[in-house]
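In order, the protein sequences belong to chains A and B.
Residues 107 to 453 (this note's numbering) make up the first sequence, in order.
Residues 107 to 453 (this note's numbering) make up the second sequence, in order.
It is worth saying that the hints were derived from the structure and are not from the lab.
Since the model is a prediction, treat every value here as computed from it, not as a measurement.
Each hint should be verified, as a subset may be incorrect.
Because identical chains cannot be distinguished in the list, a pair is counted as satisfied if it fits within a single copy or across any two copies.
What the hints assert, rightly or not - Okay, derived cross-link-like pairs now, DSS-like style, lysine-lysine, Cα gap no bigger than 25 Å in a straight line:
| no. | residue 1 | residue 2 |
| --- | --- | --- |
| 1 | Lys149 | Lys108 |
| 2 | Lys163 | Lys197 |
| 3 | Lys142 | Lys109 |
| 4 | Lys149 | Lys247 |
| 5 | Lys123 | Lys218 |
| 6 | Lys218 | Lys163 |
| 7 | Lys442 | Lys280 |
| 8 | Lys142 | Lys445 |
| 9 | Lys109 | Lys163 |
| 10 | Lys133 | Lys277 |
| 11 | Lys197 | Lys108 |
| 12 | Lys337 | Lys442 |
| 13 | Lys280 | Lys260 |
| 14 | Lys247 | Lys197 |
2 protein chains.
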Amino acid sequence: MKKVTIEDVARLAGVSKGTVSAVINEKTTVNSETRKAVLNAIKELQYRPRGSARNLKTTTSENSIGLLIRELDNPFYTAIALGVMGYARNKGYLVLIASSEGNHILEENITKSFSIKDIKGAIIAPVLEGTAEIEHLFRLKMINFPFVLLENVKGIQANVVSIDNIKAMNKAVKYLIDNGHSRIVHFAGPKHASHTYERIDGFRRAYSESLFAFNSDMIVPTGAHLEDGYKKCLEYFHNRNREDFPTAIVCYNDLVALGVMAALLEMKIKIPEEISVVGNDDIPFSRHIPVPLTTIRAPMFELGKKAAEILIRNIESPQPLPIENVVLEAEFVVRKSTKTLLSYPKG
Amino acid sequence: MKKVTIEDVARLAGVSKGTVSAVINEKTTVNSETRKAVLNAIKELQYRPRGSARNLKTTTSENSIGLLIRELDNPFYTAIALGVMGYARNKGYLVLIASSEGNHILEENITKSFSIKDIKGAIIAPVLEGTAEIEHLFRLKMINFPFVLLENVKGIQANVVSIDNIKAMNKAVKYLIDNGHSRIVHFAGPKHASHTYERIDGFRRAYSESLFAFNSDMIVPTGAHLEDGYKKCLEYFHNRNREDFPTAIVCYNDLVALGVMAALLEMKIKIPEEISVVGNDDIPFSRHIPVPLTTIRAPMFELGKKAAEILIRNIESPQPLPIENVVLEAEFVVRKSTKTLLSYPKG
DNA sequence: AAAAATTGTTGAACCGTTTCAATCAATATA
DNA sequence: TATATTGATTGAAACGGTTCAACAATTTTT
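Generate the whole structure from the sequences, applying the supplied hints.
Now the structure itself:
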């Protein structure tokens with residue numbers, strides 16, 4: 107089954123290629139009889155114009171950028187996407203989103219696809235399995251394909267926009283310690299995400315700057331989803347004596363915190379009376395639940411916006427621009443899911 | 107500033123186009139000295155190969171499909187996307203997602219972009235402003251670009267995969283009526299979405315099939331987001347006497363229901379003791395909240411999967427295939443946010 | 001030393017469109 | 001009737017890569 111080209115259509119309709127082209131592009135110059143004949147031929151042959159051939163000739167080629175996120179059903183990433191889209195749209199760029207769902211192979215395919223298609227640049231939230239799996243990023247550099255990373259990746263010089271996870275987490279844990287919490291655990295995030303390690307790091311530092319000793323039992327590997335938090339929480343409290351309960355659980359993100367809250371509710375453990383819960387990210391839900399969640403507000407929208415800004419600046423610049431590394435601050439938001447254990451709270 | 111082509115690179119590096127091409131495509135045949143020279147020239151000139159020129163010649167062109175959704179931060183659409191992605195990936199297709207955010211112009215641009223890029227087909231959740239704004243869909247048909255719609259659109263013959271909203275809503279409202287609810291209101295969805303009207307229709311039919319009379323006050327225009335439900339609910343109950351309270355609120359979707367619940371909570375109106383609340387869609391959150399939400403489970407994942415299946419079948423078929431119209435059934439899930447008002451509940 | 005094999009490079013053909021000056025036919029104008 | 005004008009169509013030249021048979025230079029084998 108040979109491929110159908112504009113030539114075939116022209117032949118069947120008894121006209122020239124140029125005329126067929128004119129019909130497809132809805133030029134007004136075509137006689138309606140001819141037009142009809144061409145349309146028929148197109149249908150008859152099931153002709154579908156090849157975008158690549160068209161774009162090769164047409165310089166106009168509308169502008170678009172790619173956004174590679176790690177999880178589509180995570181409000182953290184969709185909020186970033188909204189930031190990207192808002193800015194990009196103002197600048198006349200369309201945003202095409204793909205999700206690697208944490209799969210490195212898929213990430214490679216997607217970045218490749220971005221660079222092959224008529225896409226001007228990309229914003230990438232990389233998956234970090236193993237150590238050195240970044241050839242695909244080097245490949246992008248080789249062909250001068252502009253991109254911005256949403257996480258630091260060791261071993262590559264590139265634009266990065268990220269959140270100061272360490273400091274943010276540090277602030278939250280310090281707050282808890284300062285308010286008399288002595289047994290805090292961290293329901294940590296998925297492997298292969300720099301956020302996970304940075305947040306653990308921040309947790310650890312808060313301890314090292316306190317009078318208490320850090321203990322690796324405090325880190326409970328969990329995941330990034332509501333279900334992860336839910337299951338891990340049930341598991342964690344199963345057969346645990348009340349006197350061994352932590353006084354606070356700091357979660358990798360709000361989704362996990364929501365899962366933890368659901369599990370605690372089920373086990374009839376009161377929040378914040380018995381256990382305080384802290385989230386991370388501040389997704390829209392978090393303030394609209396019965397016990398509004400204390401959390402660390404990540405400026406997701408701004409993150410996306412900033413990334414888009416840098417990317418588009420790079421796309422539009424004739425000369426190569428110096429590499430940028432922007433770190434945004436997160437804000438600690440105290441709501442109702444945490445309580446102080448001091449009779450005379452600090453501050 | 108003239109465009110840099112492979113020719114320019116070849117000239118600067120003192121080699122032929124073919125060699126430059128070999129370097130870019132990481133062929134092993136290139137001498138490492140030459141390779142280095144070419145790489146330098148690429149960097150020096152900031153050369154960026156054009157995808158379209160490459161794809162024109164290369165038949166391989168990896169497979170991808172487009173998915174146009176209406177709201178990125180709506181779990182309903184992301185769940186559909188996950189369904190699409192799962193199936194597509196098995197079949198070797200990448201999914202590129204774009205969101206129109208309810209904007210018709212943007213939708214047009216996106217569909218156009220899909221058809222121009224090397225994308226093989228698309229799944230589209232259309233925005234339905236006005237009546238006849240579907241020329242962009244006709245344009246797709248003209249060039250035999252395969253696509254599947256996620257909602258019925260009047261005036262166009264196309265593949266559609268949708269949910270039986272009317273029946274689903276009907277079932278839910280009938281359940282409430284059968285359980286003694288006499289004053290039910292519907293917090294309805296956004297304009298320009300067929301879901302909105304279908305759900306209203308289902309609501310109305312349930313009444314017309316009952317002993318009670320439908321009344322247009324029962325339909326309260328709201329929106330599709332948590333915030334919409336929250337605000338509208340506060341507004342609705344503001345200055346309303348307790349004896350005029352509805353016995354149940356049926357919401358456009360779970361997000362709205364969540365917002366309604368948050369507002370009711372704030373107003374200290376008990377769910378389900380004082381008012382029953384019903385959602386729509388069954389997003390993951392809905393079962394993990396203190397009062398798990400009674401809702402209508404839309405088979406979002408299956409919806410996406412089915413759409414992808416039809417699309418890919420069409421893409422891969424040499425002949426045009428008959429148009430398909432698949433309607434999936436939703437399931438009514440009773441949880442804790444509704445109660446019966448009968449002393450002897452039916453069933 | 002001749003023949004064969006290996007390695008690296010070239011350059012022309014090709015991919016499938018769009019573009020636009022040139023042409024042609026039909027009609028309006030002088 | 002000759003000349004412009006208008007409307008519709010043509011066809012050849014791009015567009016910017018990839019491909020691959022052919023060739024050149026070098027190395028290995030006989």
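Pop the pair Lys280 and Lys260 into one bin, within, between, both or neither, using alpha-carbon distances up to 25 Å.
-> neither (28 Å within a copy, 59 Å between copies)
For the identical chains here, do Lys142 and Lys445 meet the 25 Å Cα criterion within one copy, between copies, both, or neither?
-> Classified as neither: same-chain Cα gap 74 Å, cross-chain 62 Å, threshold 25 Å.
Are the CA atoms of Lys149 and Lys108 at most 25 Å apart within a copy, between copies, both, or neither?
-> within (16 Å within a copy, 39 Å between copies)
Tell me, please, which holds for Lys163 and Lys197 at an alpha-carbon limit of 25 Å: within, between, both or neither?
-> within (24 Å within a copy, 31 Å between copies)
How would you classify Lys197 and Lys108 at a CA-CA limit of 25 Å: within, between, both, or neither?
-> Only across copies: Lys197 and Lys108 sit 22 Å apart there, 41 Å inside one copy, limit 25 Å.
Homo-oligomer pair classification [Lys280, Lys442; C-alpha up to 25 Å] | within (17 Å within a copy, 38 Å between copies)
Alpha-carbon proximity context of Lys142 and Lys109, limit 25 Å = within (22 Å within a copy, 39 Å between copies)
Classify it for me, Lys218 with Lys163: is the Cα-Cα distance of at most 25 Å met within a copy, between copies, both or neither?
-> both (23 Å within a copy, 17 Å between copies)
Is it within a copy, between copies, both, or neither that the alpha carbon of Lys337 lies no farther than 25 Å from that of Lys442?
-> both (23 Å within a copy, 21 Å between copies)
Evaluate Lys149 and Lys247 at a C-alpha cut-off of 25 Å and name the case that applies: within, between, both or neither.
-> Cα proximity of Lys149 and Lys247: across copies only (9 Å, versus 42 Å in one copy).
How do Lys133 and Lys277 come out at 25 Å by Cα distance, when the copy is not named: within, between, both, or neither?
-> neither (62 Å within a copy, 51 Å between copies)
How do Lys109 and Lys163 come out at 25 Å by Cα distance, when the copy is not named: within, between, both, or neither?
-> both (20 Å within a copy, 13 Å between copies)
Consistency note: the structure conflicts with the earlier hints numbered 8, 10, 13.
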